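Trainee: As a plain string of letters, each chain reads:
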Amino acid sequence: MPESIPASLIIDTLKDTFREARAALAAEVAEPPQHAHLGWILSVPDTHQKTVLAALDKEEAIRVVTCATEDEATAVAAGLHMGGEPVVLMIQHAGLYASINTLRGVAMDGKVPMFYMIGLLSREKDRDPRESRHSMVRYCEPLLDTFGVPHARLEGPDDVHLIPEYYRLSRARRGPAAVLVGLETA
Amino acid sequence: MAMKPEEVLRVIAAARGSAIVVPTMTTAPAWRTIAPDDLSVTCVGFMGGASSMGLGLALARPDRRVVVLDGDGSLLMQLGSLATSAGAGARNFVHLLFKNGVYHTSGAQHIPGGLTVDFAMMARAAGYRVTCAIRDLDEFRGRFPELLKAEGPVFAELHTGLAEQTPMTARGGVPFHEQVETLRARLLRPRAAA
Ligand SMILES: Cc1ncc(C[n+]2csc(CCOP(=O)(O)OP(=O)(O)O)c2C)c(N)n1
Ligand SMILES: [Mg+2]
Chain A
1 MPESIPASLI
11 IDTLKDTFRE
21 ARAALAAEVA
31 EPPQHAHLGW
41 ILSVPDTHQK
51 TVLAALDKEE
61 AIRVVTCATE
71 DEATAVAAGL
81 HMGGEPVVLM
91 IQHAGLYASI
101 NTLRGVAMDG
111 KVPMFYMIGL
121 LSREKDRDPR
131 ESRHSMVRYC
141 EPLLDTFGVP
151 HARLEGPDDV
161 HLIPEYYRLS
171 RARRGPAAVL
181 VGLETA
Chain B
1001 MAMKPEEVLR
1011 VIAAARGSAI
1021 VVPTMTTAPA
1031 WRTIAPDDLS
1041 VTCVGFMGGA
1051 SSMGLGLALA
1061 RPDRRVVVLD
1071 GDGSLLMQLG
1081 SLATSAGAGA
1091 RNFVHLLFKN
1101 GVYHTSGAQH
1111 IPGGLTVDFA
1121 MMARAAGYRV
1131 TCAIRDLDEF
1141 RGRFPELLKA
1151 EGPVFAELHT
1161 GLAEQTPMTA
1171 RGGVPFHEQV
1181 ETLRARLLRP
1191 RAAA
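Protein chains in written order, with my numbering: chain A, 1 to 186; chain B, 1001 to 1194.
Some hints could be false.
[What the hints assert, rightly or not] With a Cα cut of at most 35 Å, we get these calculated DSBU-like pairs of lysine-lysine:
| # | chain 1 | residue 1 | chain 2 | residue 2 |
| --- | --- | --- | --- | --- |
| 1 | B | 1004 | A | 58 |
| 2 | A | 15 | A | 125 |
| 3 | B | 1149 | A | 50 |
| 4 | A | 58 | A | 111 |
| 5 | A | 111 | A | 15 |
| 6 | A | 15 | A | 50 |
[As the list claims (entries may be wrong)] Per the computed footprint, the stretches of chain B lying under chain A, defined by three or more beta-carbons under 8 Å from a beta-carbon of chain A, are:
| # | segment |
| --- | --- |
| 7 | 1058 to 1064 |
| 8 | 1073 to 1087 |
| 9 | 1186 to 1192 |
Don't read these hints as lab results, they were simulated from the structure.
In this text the structure is predicted, and so the values were computed from the model without any measurement.
For glycine and all other residues, C-beta sits at the position ideal for the given N, C-alpha and C.
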């Protein structure tokens, strides 16, 4: 498993994902929103993705809203979706546990496409996350399975294609989909 | 005397123009009879999320006002959202708090602190640009049009009594996912339907 993944690679992939989402919306609706930015990151800071968050501070094309809780981030994402805006939630596993009722009530019951990038802080390189010594890491995939949320592991630069894929999947299934970030961004 | 929530809602319905409205809890059943349109979306099933969902709409559509009809117990459940909403700085965001001192929908148990909690002061401290508390219907009727136009984020604590109906006594309404789809279609106009 690689040591890290460059923040710039993630940000470029996010920009492409947002561009594709806007193009898809423009084909689908008569009045897509007109904004200078490409899309939104809703974040309660995740330790694994902190270099991405730091680099996003300088990115005018992506707007970042830092929320006090992941519940808020999920509900804000629903509002942005209704207004036609592309959104990515950037949180950590503890935040998934903290906001699971909102994932259920908003993304599942509301059939709202919701793409999550979830940092797996403390994921050990030498063992499968499901066998982790840390409960925060160990329960993440089983919890997503319980709720029927599709997920994939982003564990190196070769995996960034999962970002647009799972973003699209969340649109196609009109519900949540998650990429689990298993290593630090650099 | 506390204002009747239904009367407050009638004033809002008459003045809101093209504003998107986000009701929750006991404002929901009354709102769907008073304003049975498709420019509203109810927060149902994720207590405390009305203002955040409204914030997302406000950020997406700066061309429209977004009016949130929040519950006091609901706001307490996600109190940090005051800082999030204020910090996001949406100029078109109007947050109305129906302060009845209780969790009416779940059986009218007192909220922590009851009526002593000063939500307007909390909103001001969190950074809302305009905050006020309104106790009287004539005052609300006079001030709402100006609150609706003000440079937000705007917060008003409305001292209201108990609604006639709650989501428990008046069940039904359009399922949440249909409301989401309808509002989205209304805002974006899908080509197939256009
Ligand atoms: C997470 C969660 N905990 C508890 C409940 C139960 N519950 C349903 S309605 C309600 C009270 C809502 O009170 P408030 O926001 O003040 O609105 P009101 O009914 O007074 O208009 C509660 C506690 C819930 N729906 N969700
Ligand atoms: Mg109440």
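Trainee: Hint by hint, note whether the structure agrees.
Mentor: Results of checking the hints against the structure:
| no. | hint | result |
| --- | --- | --- |
| 1 | B/1004 with A/58 | violated, 49 Å |
| 2 | A/15 with A/125 | holds, 29 Å |
| 3 | B/1149 with A/50 | violated, 38 Å |
| 4 | A/58 with A/111 | holds, 33 Å |
| 5 | A/111 with A/15 | holds, 24 Å |
| 6 | A/15 with A/50 | holds, 18 Å |
| 7 | 1058 to 1064 | holds (count 4) |
| 8 | 1073 to 1087 | holds (count 6) |
| 9 | 1186 to 1192 | holds (count 5) |
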